[in-house]
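J.: Starting from the structure of chain P, add chain V where the hints point.
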Amino acid sequence: MTVMQIGDFTITEFVNVAAYMRNSGLLDYLLEDLQDFTLSSTQEDADITGRGGRPIGKKKKFKSANGNGTSGFISPGLMHTQTGGDIKYGKFKVKREEAKTVPGSGGTIVTDAKAVGAVGKEIGRIKLFGKGGVLVGVYEQGTVASGENFSYDPATKTITLPNNVNIEAGLKAVYAYEREVTATNINNPADKFSKTRELWVHCYATDQCDTIYRADCHIPRADFKGDFDLDLGGDQTTHPFSFDCLPDFCDLDGDNNLYEWFFYEDDEIPIDDSEGYSGGSVTAPGDIGGGSQNNFATEAEVKEVFSDK
Amino acid sequence: MTATYRNCMVCGKRFKICNTCLKSMPEELQWRRVVCCSQHFAYHLPIIRYVRKEISRDNAKAELQHAITTFGEIEFAENIKSVVNEILAD
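Note that the protein sequences, when read in sequence, are chains P and V.
For the first sequence, position 112 (counting from the first letter as 1) is numbered 112 according to my numbering, and the numbering increases by one without interruption.
For the second sequence, position 46 (counting from the first letter as 1) is numbered 46 according to my numbering, and the numbering increases by one without interruption.
Keep in mind that the hints are not guaranteed to be accurate.
[Claimed, not checked] Heads up, incomplete: computed chain V residues facing chain P, CB under 10 angstroms, no partners named:
#	residue
1	R6
2	L29
3	V34
4	C37
5	I55
6	R57
7	E73
[What the hints assert, rightly or not] Mimicking DSS-like on lysine-lysine, the simulated pairs with C-alpha atoms at most 30 angstroms apart in a straight line are:
#	chain 1	residue 1	chain 2	residue 2
8	V	K61	V	K13
9	P	K127	V	K61
10	V	K16	P	K172
11	P	K192	V	K16
12	V	K53	P	K114
13	P	K225	P	K60
14	P	K127	V	K16
15	P	K88	V	K23
16	P	K61	V	K13
17	P	K114	V	K13
18	P	K172	P	K59
19	V	K81	P	K93
20	P	K172	P	K131
21	P	K93	P	K61
22	P	K93	P	K157
23	P	K100	P	K127
24	P	K93	V	K16
25	P	K114	P	K95
26	P	K172	P	K157
27	V	K23	P	K61
28	P	K127	P	K114
29	P	K95	V	K61
30	P	K172	P	K61
Because the hints were derived from the structure by calculation, they are not lab data.
Note that the coordinates shown come from a computational prediction; the quantities given were computed from them, not determined experimentally.
Backbone N, C-alpha and C fix where the C-beta goes; we use that ideal spot for every residue, glycine too.
Next up, chain P with everything else stripped away, as it sits in the complex (with noise of 0.2 angstroms):
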């Protein structure tokens, strides 16, 4: 019989990572664009002392081990484990606000959607700025346009501005509204926590001979933290996440592993043809699929380095 045994290796490529529901175990989302991952293992050990406090043995407690990274792609399903939201699509409301040049008195502007809202209170309020965002009036709507109100229809997204000196052509006028659109819509609850998944973290692995193996790293427990920053302007806003791998009790094996690895060639799904393996070293985020040519070792070859002689 033939063992194959992966000896010293290299992890080459990172993959992605899919997390699975932990009832249900089908799948919840794909992390398929990682800048980073890192899964860190941790173990706290006390000195057990005799004589003259010398140690005379390690009292080795708090072992775990956790997880970060940081997804280039804002991920909805990666929020919703973190937040302990919901992902809904549908039509919501949503608020616009608008700045637009004043024609003058009586003068209309057509505003960019239909604002909803309570029946004479679409829009609500207009304030009027001039030069140097000196605010020239605040105007309140009407049912019709008068001195002191102007009106809006839906319909047509009219609004009719009042007949009134003081509003000169020129003039900006600053309004908000709330219109309806159909939107994937994300939260954030104050009274929900993050959720618990299953991962596995999918990697290319190298071994000193060069033969490529699948590495497989199965999390059956990690529990998502709901720490995350979403830094918004300035450079590529990404999603970091981290959790904690904890054993899984559900497990009836009771194997009770904070995390596995699996290392294995593939037959089935060979790895230069499906998924591209560009060869050899990392590749930078966003790079997999890059099909290069490769020159792996053939499968007669690895057997022969490993095989049990």
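T.: Below, chain V without anything else, positioned relative to chain P:
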């Protein structure tokens, strides 16, 4: 928090707006944003829908007459008196 006031779109009386009351009903029917009392919302709807050409003058007149019959005659705000007269004209 400072309360926000506005003039009732029907009678012109100053009242305190509430943007969070009556959340259970459709937003377009949340009268506390536009009129001072629920009764005045019955006057408000036919008037503004007529102005926006959403309903005919006959329909607006019928609805406004119904509101007047149900809740009584009121003093309309100055800026809508001409529209009300137009609706109620024979």
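J.: Hint numbers the structure violates, sorted upward?
T.: 4, 5, 6, 7, 9, 11, 16, 18, 19, 21, 27, 29 and 30
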